[in-house]
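Number of protein chains: 2
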Amino acid sequence: MDFRDFDRLGRRDLIRGTAMLGAGAMLMRPLPSFAATGPMADIRKAAEAGKDASIKRLRDWIALPSIAAENRNMTEGAAYMADLARDAGFTNVEIVPTDGHPGVFGTIDVGAKRTLGIYFMYDVKQFDPAEWSSPPLEGKFVEKEGLGTAIVGRGATNQKGPESAFLAALHAIRAAKATLPVNIVLICEGEEEIGSPHFRQVATKPNVLAALKKCDGIFIPFPSQDKTGAVDVNLGSKGIIELELVASGEKWGRGPKGDVHSSLKAMIDSPAWRLVQALQTLVTPDGNTPAIEGWFENVRPLTEREKTLIREAAKTADEAADKKALGVNVWIDNLKYDDALIRLAQEPTVNIEGLVAGYTGPGGKTVLPGRAVAKLDLRLVPNQTRAEAEKKLRAHLDKHGFTDVEMNVSGGYDPTEVAEDSRLIRTELATYKKLGIATNINARLAGSWPGATFTAPPVSIPAGHFGTGHGGGAHAPNEYYLIESTNPKVAGLVDATMGFAEFLYTLAAIK
Amino acid sequence: MDFRDFDRLGRRDLIRGTAMLGAGAMLMRPLPSFAATGPMADIRKAAEAGKDASIKRLRDWIALPSIAAENRNMTEGAAYMADLARDAGFTNVEIVPTDGHPGVFGTIDVGAKRTLGIYFMYDVKQFDPAEWSSPPLEGKFVEKEGLGTAIVGRGATNQKGPESAFLAALHAIRAAKATLPVNIVLICEGEEEIGSPHFRQVATKPNVLAALKKCDGIFIPFPSQDKTGAVDVNLGSKGIIELELVASGEKWGRGPKGDVHSSLKAMIDSPAWRLVQALQTLVTPDGNTPAIEGWFENVRPLTEREKTLIREAAKTADEAADKKALGVNVWIDNLKYDDALIRLAQEPTVNIEGLVAGYTGPGGKTVLPGRAVAKLDLRLVPNQTRAEAEKKLRAHLDKHGFTDVEMNVSGGYDPTEVAEDSRLIRTELATYKKLGIATNINARLAGSWPGATFTAPPVSIPAGHFGTGHGGGAHAPNEYYLIESTNPKVAGLVDATMGFAEFLYTLAAIK
Numbered sequence: 005m006d007f008r009d010f011d012r013l014g015r016r017d018l019i020r021g022t023a024m025l026g027a028g029a030m031l032m033r034p035l036p037s038f039a040a041t042g043p044m045a046d047i048r049k050a051a052e053a054g055k056d057a058s059i060k061r062l063r064d065w066i067a068l069p070s071i072a073a074e075n076r077n078m079t080e081g082a083a084y085m086a087d088l089a090r091d092a093g094f095t096n097v098e099i100v101p102t103d104g105h106p107g108v109f110g111t112i113d114v115g116a117k118r119t120l121g122i123y124f125m126y127d128v129k130q131f132d133p134a135e136w137s138s139p140p141l142e143g144k145f146v147e148k149e150g151l152g153t154a155i156v157g158r159g160a161t162n163q164k165g166p167e168s169a170f171l172a173a174l175h176a177i178r179a180a181k182a183t184l185p186v187n188i189v190l191i192c193e194g195e196e197e198i199g200s201p202h203f204r205q206v207a208t209k210p211n212v213l214a215a216l217k218k219c220d221g222i223f224i225p226f227p228s229q230d231k232t233g234a235v236d237v238n239l240g241s242k243g244i245i246e247l248e249l250v251a252s253g254e255k256w257g258r259g260p261k262g263d264v265h266s267s268l269k270a271m272i273d274s275p276a277w278r279l280v281q282a283l284q285t286l287v288t289p290d291g292n293t294p295a296i297e298g299w300f301e302n303v304r305p306l307t308e309r310e311k312t313l314i315r316e317a318a319k320t321a322d323e324a325a326d327k328k329a330l331g332v333n334v335w336i337d338n339l340k341y342d343d344a345l346i347r348l349a350q351e352p353t354v355n356i357e358g359l360v361a362g363y364t365g366p367g368g369k370t371v372l373p374g375r376a377v378a379k380l381d382l383r384l385v386p387n388q389t390r391a392e393a394e395k396k397l398r399a400h401l402d403k404h405g406f407t408d409v410e411m412n413v414s415g416g417y418d419p420t421e422v423a424e425d426s427r428l429i430r431t432e433l434a435t436y437k438k439l440g441i442a443t444n445i446n447a448r449l450a451g452s453w454p455g456a457t458f459t460a461p462p463v464s465i466p467a468g469h470f471g472t473g474h475g476g477g478a479h480a481p482n483e484y485y486l487i488e489s490t491n492p493k494v495a496g497l498v499d500a501t502m503g504f505a506e507f508l509y510t511l512a513a514i515k
Numbered sequence: 005m006d007f008r009d010f011d012r013l014g015r016r017d018l019i020r021g022t023a024m025l026g027a028g029a030m031l032m033r034p035l036p037s038f039a040a041t042g043p044m045a046d047i048r049k050a051a052e053a054g055k056d057a058s059i060k061r062l063r064d065w066i067a068l069p070s071i072a073a074e075n076r077n078m079t080e081g082a083a084y085m086a087d088l089a090r091d092a093g094f095t096n097v098e099i100v101p102t103d104g105h106p107g108v109f110g111t112i113d114v115g116a117k118r119t120l121g122i123y124f125m126y127d128v129k130q131f132d133p134a135e136w137s138s139p140p141l142e143g144k145f146v147e148k149e150g151l152g153t154a155i156v157g158r159g160a161t162n163q164k165g166p167e168s169a170f171l172a173a174l175h176a177i178r179a180a181k182a183t184l185p186v187n188i189v190l191i192c193e194g195e196e197e198i199g200s201p202h203f204r205q206v207a208t209k210p211n212v213l214a215a216l217k218k219c220d221g222i223f224i225p226f227p228s229q230d231k232t233g234a235v236d237v238n239l240g241s242k243g244i245i246e247l248e249l250v251a252s253g254e255k256w257g258r259g260p261k262g263d264v265h266s267s268l269k270a271m272i273d274s275p276a277w278r279l280v281q282a283l284q285t286l287v288t289p290d291g292n293t294p295a296i297e298g299w300f301e302n303v304r305p306l307t308e309r310e311k312t313l314i315r316e317a318a319k320t321a322d323e324a325a326d327k328k329a330l331g332v333n334v335w336i337d338n339l340k341y342d343d344a345l346i347r348l349a350q351e352p353t354v355n356i357e358g359l360v361a362g363y364t365g366p367g368g369k370t371v372l373p374g375r376a377v378a379k380l381d382l383r384l385v386p387n388q389t390r391a392e393a394e395k396k397l398r399a400h401l402d403k404h405g406f407t408d409v410e411m412n413v414s415g416g417y418d419p420t421e422v423a424e425d426s427r428l429i430r431t432e433l434a435t436y437k438k439l440g441i442a443t444n445i446n447a448r449l450a451g452s453w454p455g456a457t458f459t460a461p462p463v464s465i466p467a468g469h470f471g472t473g474h475g476g477g478a479h480a481p482n483e484y485y486l487i488e489s490t491n492p493k494v495a496g497l498v499d500a501t502m503g504f505a506e507f508l509y510t511l512a513a514i515k
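From first to last, the protein sequence lines are chains A and B. Numbered according to the numbering used here, the first sequence spans residues 5 to 515. Numbered according to the numbering used here, the second sequence spans residues 5 to 515.
Hints were generated in silico from the structure; no laboratory data involved. As the structure is a prediction and not an experimental result, all values here were calculated from the model. The reader is advised that the hints may include incorrect statements.
Unchecked claim - Only pairs whose alpha carbons sit at most 27 Å apart, straight line, appear in this in silico BS3-like list of lysine-lysine:
#1 B:Lys55 <-> B:Lys438
#2 B:Lys328 <-> A:Lys255
#3 B:Lys340 <-> A:Lys261
What the hints assert, rightly or not - Not close to chain A: a few residues of chain B, all C-beta gaps over 10 Å, as computed:
#4 Ala53
#5 Ala57
#6 Glu301
Built from N, CA and C at the ideal position, the CB exists for glycine as well.
Kindly produce the complete structure, drawing on both the sequences and the hints.
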């Protein structure tokens, strides 16, 4: 599953869906030289001094890919993650077994007033070395035009690079003999790339849960900057269920169990037609609005504030460029761009990811397929839940007589919401402002991420993404993370490290 | 295209759809030793003497595969075909150019009262040697349990084996110094396996057309016997159009031109849903009856005679075995078997061969596809035509607002009909009877073949399949043709040769 790739690949470059706030006016001015004097100056010196060690840490980590889908290096990856945590100063570090691959947990308790949760993934996406221009486990340096020198490797930006930068901040604070201003709770998983199927088991282990509940919020270290240097702060995200609907002679009791010759259609029922008929009950005839019974029962419309954020963002957007990049002539219902962006954030969807039945090669083949599959993803908005959605979809199919159509859910997340006035979001905004970084508030990310593990009971804390810096190619060949920036608006490794340090001090100081 | 594989793979073994006639009572008795005395005895002696040459002719031919889809050996294949024709006694043999690959034409005019048309294909289906248990171009001998010794090779049964047996009959008649009792018109094509796109150009070339129109009928040499020795005689076949329906952002002007991230479904239209909505207008909600405007306008219902033939056949069928072989629990509308077989012959169909859109691999991928394809085949019955069907389908889609949904027709045939009292069919039945072979009359083959080139204007002659002998694996690995039969009910090469000789003399003598 790659529910999150929209976060990385498409969001800022294609659809802003955001409002320019605070430091927005600074967008075009060079990034200031992050805090050159005061207590941060010592930490910066330490970060500079520790840069080579930090790069080595990242490259060594890239050389050990943990891939849950391939059951590759999972035990080794968890142990390595635990060592990285211990090296950075975490205590009581434990490997947390699950019914799947293990998580890792640790804390740094300095007796501070505030506590920050940090979420890591130690796994990476699968890769095919043949598709890469440099070996994906070697972490080679390459020049990226308009950016600087980047490390290329699987996991470079998703998520080992930014995670390494966060660890580097802890190393630098310690090396500078500065006082860590907040307590830190670290929770890691090794199954993020397969949809976090057992992460809840890690987060709800009693000692982990108790530690998380003390946190003012939690974030995943994230290389948030695009090439303009601007970042997004998301106030939540849609949920998702991803599933296959399968019509088959086997389950239906009509039609063939395997493929038969197509001429037999005159006397044998067709599971492929069965699937088409079941599918078309799920949406309105234009294909744009879910028609599943009771689907909108718990949908909370966007607030006026959320709509305002989106409309404000739309004003600065380049609709023509976005349309061109997406290969789109018109938005749904011929909406104006701001209304389309509101619809993007507001509406739940039923999307066909793929259709597969019978003969799928070039030309034709005279078969009547015994089985037909639709791959769907259904995006959920607050206050829908994944459990509710699965139940309602099943009930809808049953009510329409499609009791035989299988519904194989492969994964999903609940929607998330984070209050704009939560300390986590306020700290993110204040930190970016202090760093002089243009910040956009996303009312709601139309993509999905596993943050509901934190935002929903029993954890119930604000959760999001934070970080300066830049990377690209998540889930793709030649994934990279920027190390030495030649772009004055975009942070390299040391500045990204300092961004995390700034966050910690800001969190300690903010109201 | 392999519209015809039902003829070979499924028809007799799975669905009889036939009536036991004439020699049916002989089904269980051994095949008589074909005409051991009289004028046929000399021909049989010559056929025996020529057997090794006949086998060599077949094996040499298998070694030269002409594959239109791969543009492989087409010139060579046509030249070889012409040589084979000349060797067998055809005169004025010419290679007939078309806009595609060439056909071959030749005649033997002995001044006889009757003329028989013979249709050959010199091309074969593609093959992957890795899937074969012996090299597909070597024509190795293998033992087939319950049958005898067969030649294994691409084209062995489809169609070089039975065609070689026919040529062997001409060689044997000449070697026996017997008089050929009928004139023969030979027409060959090299594009049968890609749907005969240019065969009409061959058949309507003025001198070819003039020769064909003189024929009492035309057949393709066919190894008609199943393992019981029984054969089918078909009184026609359904037509077909095979096509892709394509919904795309490109043509629609809505939705994306390529794949975009699935979260964008909330603001971008979906070509995949567009396809689903278009598809569901084509059939009744049960998926079983075409709902295309005017589709049944020219449909001729089966005659009482045709229904009787089918009902009679159903009496001898093993419904339970057929259901098991097809993996089917119930027929359409829970019909009784005889009614289902009548529906099989009578009804036009709209079948989904395949569905392809977006992500088709294992698991899911969060995309909104820019393009979705349904591969369809639509079987046509008399008096529908392919041209009519294409026009009506397009008009239906347009009327329902799907003017953007592309309809890419890749091929098709009109339905065929042959009168039960035509000289061709009467000769087939009389020959089989003379040979003591159990014969079933198929009112209408639910599969399709390019016979309409002959049965429709301007040629307008009866057309069908004829031949004893046995083969298997057409279009599949390890294709074979039986050479030395150890099954007393099934003809080997020499008996198949004699079957063709019998046909020629029967045609000359019949009323």
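Status of the hints after comparison with the structure:
1. B:Lys55 <-> B:Lys438: holds, 23 Å
2. B:Lys328 <-> A:Lys255: holds, 16 Å
3. B:Lys340 <-> A:Lys261: holds, 20 Å
4. Ala53: Holds, since 41 Å exceeds 10 Å.
5. Ala57: Given that every Cβ of chain A is farther than 10 Å from that of Ala57 of chain B, nearest at about 37 Å, it holds.
6. Glu301: holds, 18 Å
Of the numbered hints listed earlier, not one is contradicted by the structure.
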